[in-house]
Every structure is written in structure tokens, then in C-alpha cells.
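With the hints as your guide, set chains B and C onto chain A.
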Amino acid sequence: MAQVTLRKVVKKYDDTLAVRGIDLDIADKEFVVLVGPSGCGKSTTLRMIAGLEEISDGDIAIGGTIVNDVPPKDRDIAMVFQNYALYPHMTVHENMSFGLRLKKVAKDEIKRRVENAARILDITELLARKPKQLSGGQRQRVAMGRAIVRDPKVFLFDEPLSNLDAKLRVQMRTEIKKVHQKVRTTTVYVTHDQVEAMTLADRVVVMNGGLIEQVGAPNDLYHAPTTKFVAGFIGSPSMNFIPCRLEEASGALIARMGEVSLPLPEARTARYKPYVGKEVLFGLRPEHMTERRPYATGQPQDFSVTVDVVEPMGMETLLYFRINGVEVAARVEPTSAVASGEVMPLAADLAHMHLIDPATDKVV
Amino acid sequence: MVDAATGTMGVGTRAAARRRPGLFQRKSTIAFLMALPLILIIALLVLYPALYSMHLATLNKSMERFVGLGNFEFLFKRETFWMVVQQSCIFAITAVLFKALIGLFVAHFVHAIPNKGQRKWRGMLLVPWVIPPAMSTLAWFWLFDPSYSAFNWLFALVGIDPVPWLGDAYWARFSVILVNVWYGAPFFMIMYLAALKSVPEQLYEAASIDGANWWQRLWYVTLPMMRNIILITVLFSTIVTFANFDIVRVLTAGGPIDQTHVFATWAFKLGIEGGDIPLGASVSLFMLPILGLGAIFILRDINKRGNEA
Amino acid sequence: MATAVLHDRGGPSRPVRYGSISRSRKRALVWSYVFLVIFAIFFLMPPVYMFITSLKTSQEISAATNPWWVFDPTLANYIELLSSNQYLTFFKNSAIISIAVVIITMCVSIPAAFALSRMKFWGSTTLATGVFLTYLIPETLLFIPLFKTFAFVYEYTGIQLINNWWVLLFLYPTLTVPFCTWIMIGYFASIPKELDEAAIIDGASYVQTLTRIFIPVALPGIIAATIFAFTVSWAQFLYPLAFTTSTDQLVLPVGIITTLIKGDVFNWGQIMTGALLGAAPPLIIYAFLMDYYIAGLTAGATKG
Numbered sequence: 001m002a003q004v005t006l007r008k009v010v011k012k013y014d015d016t017l018a019v020r021g022i023d024l025d026i027a028d029k030e031f032v033v034l035v036g037p038s039g040c041g042k043s044t045t046l047r048m049i050a051g052l053e054e055i056s057d058g059d060i061a062i063g064g065t066i067v068n069d070v071p072p073k074d075r076d077i078a079m080v081f082q083n084y085a086l087y088p089h090m091t092v093h094e095n096m097s098f099g100l101r102l103k104k105v106a107k108d109e110i111k112r113r114v115e116n117a118a119r120i121l122d123i124t125e126l127l128a129r130k131p132k133q134l135s136g137g138q139r140q141r142v143a144m145g146r147a148i149v150r151d152p153k154v155f156l157f158d159e160p161l162s163n164l165d166a167k168l169r170v171q172m173r174t175e176i177k178k179v180h181q182k183v184r185t186t187t188v189y190v191t192h193d194q195v196e197a198m199t200l201a202d203r204v205v206v207m208n209g210g211l212i213e214q215v216g217a218p219n220d221l222y223h224a225p226t227t228k229f230v231a232g233f234i235g236s237p238s239m240n241f242i243p244c245r246l247e248e249a250s251g252a253l254i255a256r257m258g259e260v261s262l263p264l265p266e267a268r269t270a271r272y273k274p275y276v277g278k279e280v281l282f283g284l285r286p287e288h289m290t291e292r293r294p295y296a297t298g299q300p301q302d303f304s305v306t307v308d309v310v311e312p313m314g315m316e317t318l319l320y321f322r323i324n325g326v327e328v329a330a331r332v333e334p335t336s337a338v339a340s341g342e343v344m345p346l347a348a349d350l351a352h353m354h355l356i357d358p359a360t361d362k363v364v
Numbered sequence: 001m002v003d004a005a006t007g008t009m010g011v012g013t014r015a016a017a018r019r020r021p022g023l024f025q026r027k028s029t030i031a032f033l034m035a036l037p038l039i040l041i042i043a044l045l046v047l048y049p050a051l052y053s054m055h056l057a058t059l060n061k062s063m064e065r066f067v068g069l070g071n072f073e074f075l076f077k078r079e080t081f082w083m084v085v086q087q088s089c090i091f092a093i094t095a096v097l098f099k100a101l102i103g104l105f106v107a108h109f110v111h112a113i114p115n116k117g118q119r120k121w122r123g124m125l126l127v128p129w130v131i132p133p134a135m136s137t138l139a140w141f142w143l144f145d146p147s148y149s150a151f152n153w154l155f156a157l158v159g160i161d162p163v164p165w166l167g168d169a170y171w172a173r174f175s176v177i178l179v180n181v182w183y184g185a186p187f188f189m190i191m192y193l194a195a196l197k198s199v200p201e202q203l204y205e206a207a208s209i210d211g212a213n214w215w216q217r218l219w220y221v222t223l224p225m226m227r228n229i230i231l232i233t234v235l236f237s238t239i240v241t242f243a244n245f246d247i248v249r250v251l252t253a254g255g256p257i258d259q260t261h262v263f264a265t266w267a268f269k270l271g272i273e274g275g276d277i278p279l280g281a282s283v284s285l286f287m288l289p290i291l292g293l294g295a296i297f298i299l300r301d302i303n304k305r306g307n308e309a
Numbered sequence: 001m002a003t004a005v006l007h008d009r010g011g012p013s014r015p016v017r018y019g020s021i022s023r024s025r026k027r028a029l030v031w032s033y034v035f036l037v038i039f040a041i042f043f044l045m046p047p048v049y050m051f052i053t054s055l056k057t058s059q060e061i062s063a064a065t066n067p068w069w070v071f072d073p074t075l076a077n078y079i080e081l082l083s084s085n086q087y088l089t090f091f092k093n094s095a096i097i098s099i100a101v102v103i104i105t106m107c108v109s110i111p112a113a114f115a116l117s118r119m120k121f122w123g124s125t126t127l128a129t130g131v132f133l134t135y136l137i138p139e140t141l142l143f144i145p146l147f148k149t150f151a152f153v154y155e156y157t158g159i160q161l162i163n164n165w166w167v168l169l170f171l172y173p174t175l176t177v178p179f180c181t182w183i184m185i186g187y188f189a190s191i192p193k194e195l196d197e198a199a200i201i202d203g204a205s206y207v208q209t210l211t212r213i214f215i216p217v218a219l220p221g222i223i224a225a226t227i228f229a230f231t232v233s234w235a236q237f238l239y240p241l242a243f244t245t246s247t248d249q250l251v252l253p254v255g256i257i258t259t260l261i262k263g264d265v266f267n268w269g270q271i272m273t274g275a276l277l278g279a280a281p282p283l284i285i286y287a288f289l290m291d292y293y294i295a296g297l298t299a300g301a302t303k304g
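If you read the sequences in order, they're chains A, B and C. The numbers in my numbering rise by one with no breaks, and the one at position 130 of the first sequence is 130. The numbers in my numbering rise by one with no breaks, and the one at position 13 of the second sequence is 13. The numbers in my numbering rise by one with no breaks, and the one at position 19 of the third sequence is 19.
Keep in mind that the hints were calculated from the coordinates and are not lab data. Any given hint could turn out to be false.
Claimed, not checked - Calculated pairs, PhoX-like style, for lysine-lysine (alpha carbon to alpha carbon, straight line, at most 20 Å):
#1 A:K182 to A:K153
#2 A:K73 to C:K193
#3 C:K120 to B:K27
#4 A:K73 to A:K153
#5 B:K116 to C:K26
#6 A:K29 to A:K178
#7 A:K132 to C:K193
#8 A:K73 to A:K103
#9 C:K193 to B:K27
#10 A:K178 to A:K153
Stated by the list, open to error - Partial list, derived from the structure: chain C residues whose beta carbon lies under 10 Å from chain A:
#11 E194
#12 D196
#13 E197
#14 G203
#15 S205
#16 P216
#17 V217
For glycine and all other residues, C-beta sits at the position ideal for the given N, C-alpha and C.
In isolation and in its complexed conformation, chain A is listed as follows (with noise of 0.2 Å):
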């Protein structure tokens, strides 16, 4: 049993709060993402769990013991760095065996267990060699190797893909998702990168300013951010915050935003009813913002907008283009997009809307 509990965990450096108290239960086997804007504490957190940093208070649990003085190499925790920190003048083997040598654990049963691990990363032809004849992913697995042989309770990786080139970083996402479904040990993950956050976890935790904003799976932040600012973090292009002020007529709620105003879905007139009249903001994703479509499915209101910026992206092209003074962006298929200059009609979902009290950032 590893999981990992965090208890008003609070850390201080001189007089700056990084980690302003946060309560996190991670259960056995699971993988969970810490995913921030730089700066959030998410690396502080984890380092807190891997016992590098000391926590100013609070306590952290690891398999229902508390941590808090113990020192890491007795937290039964294996860590992945962002730059692999691989010891230069070890063999890919020596590197993997350094922890078990200095625990004494005998050499035959290192070699089974390094050679277990090489075979699970595929990296069995590279264990004579030293890190500097290794390209960039096989650092990533060596790195990762050292972790498994060491059979932790606990994995813990710190941002260990962006030191590689984009191609490359997904490869080795797949390939980390592939590992944990081979070795099933709880997994603490801190990455930057939202799309690694949502590929990887089974649970993401999004930070800001050392506070979780929110907790829940990919999909659960992704239609149902709470916060403005996970609404905001979580996909790209990222979501579209317009100002508006909400009106009432005849029973139904309109959103007025400049020229373009939108009547809101009915479901959700109780809810929004106490905002009349006031100044908010209106979040709605790109991809939810499209051409008009005869067999649209969802709640599509019609609006026409004169577009700024095309963007081709292949598949799809994003358009820009201003509603009441802010950019807002809409995907559409490539086929129906116009040239920059131009009107053009488009159709929002408004199933997938968001209304966010500017007052409190929270989503109503």
C-alpha cells in the first residue's frame, strides 16, 4: 500500500509562502499530475514528498507513515529529473545499481533486477555505455530505469520531458504511460505542460500561487473547471473569456457582449438568475465557437464577426477576431474559413459555456 497523503502541507522560503497549505490524498497505483504555470509550487510539492525540501508545516504521509523528518533515501521514493541528472562517469548499469550497491543488496540480485528493468525500457544493448554516448530518450529511460530497479513505493518525475524535442515528448509519454501500466506504483508527476497533464494522469492537480485550484480527472477539468484560471489552463487554444452583461427578457437570460449577444441555455436560467444585471465574464472553448453546421448537435446560437487573423493549422484554422474589445478565437474546418477582412458566420454551442464571476474568478 503506497499512498501518498498531504496534510496542510506548508512551505516557506525566508518570508515568501511557495506552498501555502495544501490537502492532497493520492491513492496506491495511482498516477496523479501537478500541473502549474512556473512559479505554482508544483515542484516544491513534489520535492516536499521526495523529503529534497523540508516542509514548514503540515505533514506528509507515505504508505500511512509520516514522513516529515525522514530522510529521502528512507522514504522508499525514486525520482526522475528534468535533466536525468545521470551520474556522468557511471555505465548505464552503475547508474541503475548505484542505490541498490549502496544498500548492499547482493550483486546477483542486482543484476536480475537492473536486468528486469532494461528489459521492461528496452534499453538492455545500452547498459555498457556511458550517459554521454546516449541521445536525449535514452537518457529519459536510463533515468527511468535507476527508478524502477530501485522498486520504490513511490515514483516521483520531475517535468522529465522537457528537455526533449517535441517529437520526442510524446514518444516518451507514451512510453511512461506504457511503464506505469507494467510496474503499477503510485506515481507523483509535475509537468508544465497541460497536454502531458491530461495524456498522463488519472488524476490531475492543477496549482496556482502554491494553492490547489483544482482536482479531478482530464476529462472532469476540462468540461468542468471550477476556477477561471483552471478553465483558462487546461486546453489549447485556450478557452475564450469575453465581458458581458446579463440581461433578462422575458424569462430567458441573454448575454449581451458588444454587437453580439447570445441567449443563454435555459437549463441553466436558475443558476445564473442572481447575475442579472451585472458585469461578467463569458467563457466559451474555440473548438466550440465553429462554422454553422446543418447537423450541429448541442445548443448552436448564430452570431456573424469580421475576422482579423487566419490561421491555417492543418486540419482545422483557427480564425481571430474581436468581440467587445477582447481576441477571441473559433475553430473551424478549413473548407469554410474565410480571408482575413471578411464576415463571417459563426455558430457557438452554448452547452459548453462557462459564466465566471469576475468578483471571485470562480466558475458560476
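Quick look at chains B and C alone, frame taken from chain A:
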């Protein structure tokens, strides 16, 4: 396990869990112990003698009586002292200047030739720095020999009168500076070469495209980029040259009639050979101002770096 | 310019400029070589002249022949010196002291540099700066108070430190330890932080991190520091001159100067041979480990 978890997660038991490691397992204690020999060496064999020499300077010759600034008063009245001050300054300033210039020129030429041959030339040109100065100064001594000078033999071939290299006060001063320049210029060369290598090639390309000629590239690109290394090397060399002992001692031992003494050799003569330790200590203390100047520059540099980080 | 056009097989006028660039480059290159040769002669003349003189007999040295040429080469000077007990004692003293100082320096510098660069403790930043400043304090400022201090030690404890070669084992580390610590701090600082964190997670203690990770990884720096410590110890002149006097306690530089120069009678063949042999160990090390030597030299300034 689960029960244990919920049990120990309570607030009350936290104090017990937050156990500090013992004094001798603490990181700072281990670190301090690792640095202790260094601290002892610096404290006992560098800082203590440095302070002790200030105390010594206030004693009389037999070191029984406190004479305050008496030693300094005595020194200030002696003509030799002012000559040593003058000679030390001339020696240090001229030598550092020529070392810096020659070093810069040679580094420039080494940098200008194809990469393949650079290693060989660099290796050859650094030889003076590698030979122990006491040994190489002996060779110079022999080259300057009054009756068998190999230089004078060459001069005779082209009809120049023999030069009294070490016999005449002015020539002797020239000679000690020459030997010091010979010994120290390679060090500047190697520093500048390292600095030259670190200037990105694109800067020169950009400057060329902007229409800079050779001289402008040197003035606007190379020198500003090397500014820090030039400063630190000059500072460093000034301190070392000011405190130089070996070359003057072996070449002239201060002669003729004390005309080439610098602080270090004169302090040695008075303190160790003459047996007047307090007076020797007083003389050697005159090397402190230049040291202090160096320390200020370096501390400022370190602080600046600290702020940038 | 004009000739360049003529040789350009009547191409358009533009290639002329390329031609002139490569020509001016070639000229700059020739000048570079000319100056390099001049400076190389200047820099190498004394050691070469040492070598020339070392091959001469006393008669030839005092003859009025061309001093830059050996007419009657002989190895007699070498044979005589290398079979002289006195000279071999100097050599042995120098070798023992230099090697011992290197060992002491490394044993002090490496752990201290590790502690200063990786394990912060109270006053560690001040100490790191202090280490560098200490390096700037020249031995010429310290020899008089140290001399007096050692004389006091004798008065109070009866241990005679002065005029024993091993007293130099206390003195030389003041020259080598600060600089070696400083360049080791620099080398250790260039090792990524994650490497020691990985080692900590792998279960290494601080000492194990130092011996099994840092020392092997920073080996080039350690070699550079070792070379520095050795050459400084070997070349040191002031301390042995002040602190040792009996001929059996002298080290090489002092020994040659005080024993081979007898009054006004200079035996230049032997002096030059002795000096050349004395310069040989640093030169040999330099010849084989030039890159480390230069790395050590430049490390001090670029990291300072």
C-alpha cells in the same frame, strides 16, 4: 496501516514526529567539520600572522618595548625607504603594463592563426610561466653576466657597447622589470586567449556587417567583452608583482646599493638577514594598501554578481 | 588589387573584393606568424640558453667563443650533479615536500569546497569569499610574523621548527589551499544540483556523495588543482630561504642558489644544469597535462 495513517495524521502527535536529527548528524555540523581544516589553516597561518605583523611593527628591535609608530617614523626619515617605495611602484606599474600589453598582443596573434596550430604555440609561449621563477631568473642572471653576457656578445657583433645590465642602477631596474615581464606576460596571454575564445563569432560577423574595421572591432567588440577578464587579471597581477620577491632577490638582491629593492626583498633583508623583525614587518605592511584595493574590487564584483543572480 | 583582377580570368568585378579579403587575411596571418616567432624567441631564450650552457665545460664557458653555440658538448655537468649527494638531497627534499603538500592540500580543499558549495552552514558564503581573498595575501607579507611565531614555539615548547625541511609542510598549504579550494568550489558549482539530489535519493550519505559522485565527476578540476599545488610547492623560494639554512634541509631552488654560487666563483655550467633539472618536473608535468594546467590557471580568474 490505514489505521496507523489516520492515527498519526492527527495534530497532537505531530510534535513527536518532528524530531530533529542529532547535532552530529545535522548537515551544517558535517559541513562545518569538513571545512574545519580550511578554517584552521586560514585562521592560524594566514589571518593570525597578518594581524601579528601589525603588532610586531609597533615593537622595538629587540621586541621588548612598545614603540607605537616609531618604526614608521624611522622609516619615513630614511632615504632608502622612499627609494624602495618609488622602485616598488615603478616596478609594479611598468611591469604590469607591459605584461598586459604583450599578453594582449600575443594572445591576439595566437587567436589569429588556424585553430590547428594554436595548441602548439600556446604551449610554447606559456613556458616562462611554468619554470620556477627562481630557476629561470638564474638563466637571466647568467645572460646578464658582466663579463660573459650573451646579450653583450650579440651587441658586440653589431657594434653596440656592452650594457652594464645589473651593474648600473637604471639598467638594473630595467633588467628586473624585463625579467618580470618575461615571466608574467604568458599568464596574461593565456587569460586573454581564454577570454577571446569566449567572444561569440556572431558578434564579429554582426560588427563586420555594420561596417566595423579591424580596429573598431577590437575597440567596440573584443575589449568590452574581455573587460572583466582584463580587469581581474591586471588586478591580480598588480598584487603579485607588487609583492614579488624571487626575481629581484635572485637577480640583484636589491643591489646595486639598494637601488632595485622592492618591499618584499627589503623586508627580507631588514627582518631576516638584518635581524630587525619589527622593522621588516613594518616594511612588509606597506603591501597592504594595494591588497586592500584588490579586496574592495573583488568584493564589489562578488556582490554585484550576487545581486544579479 | 589590379593583379587580382587580372588573375581572375576576367570574371565580373565582384570577385575582386573576395580576392582582396582573402589576400588581406593571408597577410594578417603572415604577420601573426612573424610576431609569434619573435615572441617565441623572447620567451624561450632563457631556458634554451640554460640548456646550451649546461652542455659546456668550464673552459668553454670562460672562453671568448660564441656563447650561443656548444663547440664541445659534454654531459659532465649532469653526471656530476646527479652523483652529488647534496644535489640529490635537495631534489629529494623538494619532491617529498611537494608531494606531501599536494596530499595535504587535496585532503583539506576537496571536503571544504564540497561543504562550501553544497552544504550551506552559518557563515559559509563569507568563508567562500574569504578563501579567495586569502589567496591574494602574498607570502611576502606573512613570512616575517610566521618566522617570529615559529621562534616563539621553540621558546615555549622546545620544538625546533625553523631549519627543518618539514616546517615547510605547514607553510606551503597557506599558498595552495585557498586557491585550490576556490577552483574546486568553481568545479563543484558546475555540477548540476540534481546530481547530488539523485545521490541523496539513492541513499548516499554526504561523504559518499563526495567520494563516489563529486570526486569522479570533478576529476579534471582535481587534476588541475593538483598540478597547481605541485608547481607552487616546487617553485616556492621565499619560505625555504627564510626558514631553512642547513644544506641538508634545503629544497632545490634555494639549494642551487646558496650552494652552487660560492662567493664570486660561479660554476655556470653546473648552475644552469641544476636549474634546468630543477625546472624539469613542472615542465614535464606541463608537457603531458597542458590542458589541465591551463584549465587550472584560467579557472581562478574566470570564476573569480
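Checked hints:
{"no.": "1", "hint": "A:K182 to A:K153", "in the structure": "holds (15 Å)"}
{"no.": "2", "hint": "A:K73 to C:K193", "in the structure": "holds (17 Å)"}
{"no.": "3", "hint": "C:K120 to B:K27", "in the structure": "holds (8 Å)"}
{"no.": "4", "hint": "A:K73 to A:K153", "in the structure": "holds (12 Å)"}
{"no.": "5", "hint": "B:K116 to C:K26", "in the structure": "holds (16 Å)"}
{"no.": "6", "hint": "A:K29 to A:K178", "in the structure": "holds (14 Å)"}
{"no.": "7", "hint": "A:K132 to C:K193", "in the structure": "holds (18 Å)"}
{"no.": "8", "hint": "A:K73 to A:K103", "in the structure": "holds (10 Å)"}
{"no.": "9", "hint": "C:K193 to B:K27", "in the structure": "holds (16 Å)"}
{"no.": "10", "hint": "A:K178 to A:K153", "in the structure": "holds (18 Å)"}
{"no.": "11", "hint": "E194", "in the structure": "holds (4 Å)"}
{"no.": "12", "hint": "D196", "in the structure": "holds (9 Å)"}
{"no.": "13", "hint": "E197", "in the structure": "holds (5 Å)"}
{"no.": "14", "hint": "G203", "in the structure": "holds (4 Å)"}
{"no.": "15", "hint": "S205", "in the structure": "holds (9 Å)"}
{"no.": "16", "hint": "P216", "in the structure": "holds (4 Å)"}
{"no.": "17", "hint": "V217", "in the structure": "holds (6 Å)"}
Of the hints listed earlier, there is not a single one the structure fails to meet.
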